[in-house]
Amino acid sequence: AQTVTQSQPEMSVQEAETVTLSCTYDTSENNYYLFWYKQPPSRQMILVIRQEAYKQQNATENRFSVNFQKAAKSFSLKISDSQLGDTAMYFCAFMDYRGSTLGRLYFGRGTQLTVWP
Amino acid sequence: GAVVSQHPSWVICKSGTSVKIECRSLDFQATTMFWYRQFPKQSLMLMATSNEGSKATYEQGVEKDKFLINHASLTLSTLTVTSAHPEDSSFYICSAEAGASGSYEQYFGPGTRLTVT
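Just so you know, the sequences run in chain order A and B. Each step along the first sequence adds one to the number in the numbering used here, with nothing skipped, and position 79 is 79. Each step along the second sequence adds one to the number in the numbering used here, with nothing skipped, and position 80 is 80.
Everything labelled a hint here was simulated from the structure, so no lab data went into it. Keep in mind that the hints are not guaranteed to be accurate.
As the list claims (entries may be wrong) - Quick list of in silico lysine-lysine cross-link-like pairs, BS3-like style, CA-CA up to 27 Å:
1) B:66 x B:20
2) B:20 x B:41
3) B:41 x B:14
4) B:41 x A:73
5) B:14 x B:64
6) A:78 x B:41
Bound conformation, chain A alone (with noise of 0.2 Å):
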């Protein structure tokens, strides 16, 4: 079964700075997604950023951005820019790829992350 391993449970950050959050993975897959999801408050899952395993490109958002290490099988987040509106609980979650359907998601624990005025 594949795994996800999000080892901060919770983080603190200031407005304004940069925070990475960390997330890391067990799969035999060569081809899978990876993805970071926020919960606000509201307990809305919102997608952030998403990861194709076969890109070596890191995926950006805004002022989100990733940091995918496959042979290491690590995929962090990065938040620019920290705004208020950033605190929640952010879950990395990983997905088999199956062709043109989906497969389930893996959710790692969660980080819960606080900015700060």
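Dock chain B against chain A, hints included.
Below, chain B without anything else, positioned relative to chain A:
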């Protein structure tokens, strides 16, 4: 973007009664829907995967007779908690994927908070 709704958003029921939670994809057809359970400050736990027109696939340890899942159409899946007990109190989240459209993304509903008294 794709929108998934859940109804109700919050429900209180008495022990021994049944409660039904609906998950709808509003602007796309979902061939596969997923049901998760989340306890406070914990990660999402996959309960079952449902495909339109077929029986749901339950994760190990999930009682299929207690958590009835029906995926009768491409836009609606329901989770019925039968003979609910206080230990069934939790936050239930559904997600939906758009099928063989090339998308590999799951779209999450806003969740349903179930309280059993």
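Hints and how they fare:
| no. | hint | in the structure |
| --- | --- | --- |
| 1 | B:66 x B:20 | holds, 12 Å |
| 2 | B:20 x B:41 | holds, 24 Å |
| 3 | B:41 x B:14 | holds, 25 Å |
| 4 | B:41 x A:73 | holds, 25 Å |
| 5 | B:14 x B:64 | holds, 21 Å |
| 6 | A:78 x B:41 | holds, 22 Å |
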